[in-house]
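**Student:** Chains as they are written, first to last, in the working numbering: chain A, 1 to 122; chain B, 123 to 598.
Rather than coming from a laboratory, the hints here were simulated on the basis of the structure.
Please note that the accuracy of each hint is not assured.
As the list claims (entries may be wrong) - Chain B residues, not near chain A, derived (Cβ > 10 Å throughout): (1) Glu186; (2) Val187; (3) Gly189; (4) Cys274; (5) Asp336; (6) Arg518; (7) Met529.
To be verified - Here chain A is said to cover these stretches of chain B; the calculated rule only asks that three of the stretch's residues, wherever they fall, bring their Cβ under 8 Å from a Cβ of chain A: (8) 193-201; (9) 243-255; (10) 487-497.
Unchecked claim - Computed list of lysine to aspartate or glutamate pairs in EDC-like fashion (alpha-carbon distance at most 20 Å, straight line): (11) B:Lys449 / B:Asp403; (12) B:Lys495 / A:Glu35; (13) B:Lys255 / A:Glu69; (14) B:Lys495 / A:Asp49; (15) B:Lys449 / B:Glu400; (16) B:Lys495 / A:Glu102; (17) B:Lys387 / B:Glu340; (18) B:Lys495 / A:Asp53.
None of the values given here were measured: they were computed from a predicted structure.
All C-beta atoms, glycine included, are put in the ideal place defined by N, C-alpha and C.
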Amino acid sequence: MGTKILVTLYRDEVAPRFDLCSEVLLVTVDATGREVRRQDLVLAHSSADDLCDLILDREVSAVITGGIEEEHYHYLRWKRVNVLDAVAGPAEAALSLFLRGELEAGAILFPRGADAEGGGHV
Amino acid sequence: MDTAMHTDTLLGVFTGLARTGLDRADLPRVLRELPFGVAVLDGERRTLFLNGALERLTGYSSAEVAGVPCRHVLRGSFCLHACPRRGCGQAKGCAEGQVGSQGESQGDPETGAQAEGQSESREGTLINRHRRKVPVRLTSVPVLDREGAYLCTLEVIEDLSALKDLEARLSRTAGPGQIVGRCAVMEHLLRIMPAVAQSDATVLLTGESGTGKDLLAEALHRASPRARESFVRVNATPMPEALLDVELFGQANASAEGGGPRPGKFQLAQNGTLYLSEIADMPLAQQSRLLRLLDEKAVTPAGGERPMRLNVRVVAATGRDPEALVKAGLLREDLFHRLNAVRLHLPPVRERGEDVQFLLTHFLGIYAAKFRKPVQGFSQEALAQLSTYDYPGNVRELRNMVEYSVMVCPGELVLPEHLPPHVRFPSALAEPVQTEAQAPVLAARPATSKPATSKPVVLKSATSKPGRKQPARKKG
Numbered sequence: 001m002g003t004k005i006l007v008t009l010y011r012d013e014v015a016p017r018f019d020l021c022s023e024v025l026l027v028t029v030d031a032t033g034r035e036v037r038r039q040d041l042v043l044a045h046s047s048a049d050d051l052c053d054l055i056l057d058r059e060v061s062a063v064i065t066g067g068i069e070e071e072h073y074h075y076l077r078w079k080r081v082n083v084l085d086a087v088a089g090p091a092e093a094a095l096s097l098f099l100r101g102e103l104e105a106g107a108i109l110f111p112r113g114a115d116a117e118g119g120g121h122v
Numbered sequence: 123m124d125t126a127m128h129t130d131t132l133l134g135v136f137t138g139l140a141r142t143g144l145d146r147a148d149l150p151r152v153l154r155e156l157p158f159g160v161a162v163l164d165g166e167r168r169t170l171f172l173n174g175a176l177e178r179l180t181g182y183s184s185a186e187v188a189g190v191p192c193r194h195v196l197r198g199s200f201c202l203h204a205c206p207r208r209g210c211g212q213a214k215g216c217a218e219g220q221v222g223s224q225g226e227s228q229g230d231p232e233t234g235a236q237a238e239g240q241s242e243s244r245e246g247t248l249i250n251r252h253r254r255k256v257p258v259r260l261t262s263v264p265v266l267d268r269e270g271a272y273l274c275t276l277e278v279i280e281d282l283s284a285l286k287d288l289e290a291r292l293s294r295t296a297g298p299g300q301i302v303g304r305c306a307v308m309e310h311l312l313r314i315m316p317a318v319a320q321s322d323a324t325v326l327l328t329g330e331s332g333t334g335k336d337l338l339a340e341a342l343h344r345a346s347p348r349a350r351e352s353f354v355r356v357n358a359t360p361m362p363e364a365l366l367d368v369e370l371f372g373q374a375n376a377s378a379e380g381g382g383p384r385p386g387k388f389q390l391a392q393n394g395t396l397y398l399s400e401i402a403d404m405p406l407a408q409q410s411r412l413l414r415l416l417d418e419k420a421v422t423p424a425g426g427e428r429p430m431r432l433n434v435r436v437v438a439a440t441g442r443d444p445e446a447l448v449k450a451g452l453l454r455e456d457l458f459h460r461l462n463a464v465r466l467h468l469p470p471v472r473e474r475g476e477d478v479q480f481l482l483t484h485f486l487g488i489y490a491a492k493f494r495k496p497v498q499g500f501s502q503e504a505l506a507q508l509s510t511y512d513y514p515g516n517v518r519e520l521r522n523m524v525e526y527s528v529m530v531c532p533g534e535l536v537l538p539e540h541l542p543p544h545v546r547f548p549s550a551l552a553e554p555v556q557t558e559a560q561a562p563v564l565a566a567r568p569a570t571s572k573p574a575t576s577k578p579v580v581l582k583s584a585t586s587k588p589g590r591k592q593p594a595r596k597k598g
């Protein structure tokens, strides 16, 4: 049984809002950190409560998301889910960093400042 | 400050700034100290600058998020599905594509796109870095140079927390019964209600069925000094007078049927409030006893000899015209004058004008939250149908109608097909619904106080069954 990581999606980015997310990426990795399964789930509707239920139902270990309300953050933490919130950037980049153990809550993965000029948008 | 006026003022300021051909480099200096949040964005909705107020609101410093798409900085509810710059030429990177329904828009109603050089306002929420959801109003203002070429976009974000808190407090003071309304009559009623509640005067509530008499009675009790004591509702349904006597005024000794002494509704309401939900249903003999009780503040239970002191406030209600009831001999005139110390009339929905839309929105919010559905509002067509409907069942009917609509609505907007059939096809009703006010006051006591209702008509519903959705399905 591998470890499950859930990334809230908005197109190919980490969704800016947990409660408004309508699509998630569910990745299962084995003990060595190798990806063994990938599922793209489209939710029936956006709901933070339903998303929390899904996370617990699927026994997700870590959630990578953008803004999340304190209530849901603490609920998931209480249920022993590792929540990396306020992450801004491409979903794949966030996932790769997480699997390397380098992703932190609040990480901004978009090019910033002068680097963002002329094509910084993903 | 009036938010709309505030926004208008801001728009004037920014339009003026744009006309002066303000240098892009000067914007931060001008904007930094403004008391409301301002973000400057480039044509691809990347953040160039946040002023101090917005730094405090979002929890991000301007330098930290320079170049980051604004949807990851503001994290507004309008960012994903109702981006104000959706469809605009410069905003390749903005979250265009889906029609948003939240908040009002001054953009093109057909395409949802913001016309070039025009501002747009939306209300919604943002989630800041500290995981706090903040209600905000966002006004997006494109800044053009003198030649009309696009320079940047100013996003003005006003924190509406104080306003929303005030609204919540006001709706709480409207009472636990959630009596709400914004039309002149309801505002007057809600304004005088606390003073009426604080007095110990007998109150007579009038209004058609479904206008909220029961809620108002309870709200009066909860706002009164008797709030910690009992609120006892009496529905004088037709029953043998001896039984009703015991029910209302109690029984002193064991009865022949084997029952022991029992308190009546008045004794149960001791120190509290007794609410008579339809005074005209009470037989004249009991009306006479009630009058004596109100005068003497004492009651003698059935079979008893010694009167018992009572401290009860009486609130009575009727769905019919009390003067007509007196004339018809269904209500004792002396009791009517005794009860009529304070009279509060609840108007029917058809006389509440602008309240219809307010009530629709109010109940939509309640039921969307209750059913956990993403319904945000009514379509223009649905609103048009709802505005022309007569609501013979008043607020109760309106509330049930919204509950039904939210239940069957699968999307964000309630469309005409989500409305109950009798609203969409009013002419299909076999008979018009007769309200209590319209019903003639009969000389003889009616068998029941229930209002006359229309003959049930079964109409085939065009709405689709909402069904139960699975929480998730596999894509592709």
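**Student:** Determine for every hint whether it applies to the structure shown.
**Tutor:** Okay, the hints, checked on the actual structure:
1. Glu186: 7 Å, violated
2. Val187: Violated, since 7 Å does not exceed 10 Å.
3. Gly189: Given a closest Cβ separation of 3 Å, the condition is violated.
4. Cys274: Label holds. Min Cβ-Cβ 13 Å, cutoff 10 Å.
5. Asp336: 32 Å, holds
6. Arg518: 29 Å, holds
7. Met529: Its Cβ never comes within 10 Å of chain A, the nearest being 14 Å, so this holds.
8. 193-201: Per the Cβ count (6), the hint holds.
9. 243-255: holds (count 8)
10. 487-497: holds (count 3)
11. B:Lys449 / B:Asp403: OK: B:Lys449 and B:Asp403 at ~15 Å, within 20 Å.
12. B:Lys495 / A:Glu35: 35 Å, violated
13. B:Lys255 / A:Glu69: Distance ~6 Å between B:Lys255 and A:Glu69 Cα, so the pair holds.
14. B:Lys495 / A:Asp49: 12 Å, holds
15. B:Lys449 / B:Glu400: 17 Å, holds
16. B:Lys495 / A:Glu102: 37 Å, violated
17. B:Lys387 / B:Glu340: The hint holds at about 16 Å.
18. B:Lys495 / A:Asp53: With a Cα-Cα distance of about 16 Å, the restraint between B:Lys495 and A:Asp53 holds, given a limit of 20 Å.
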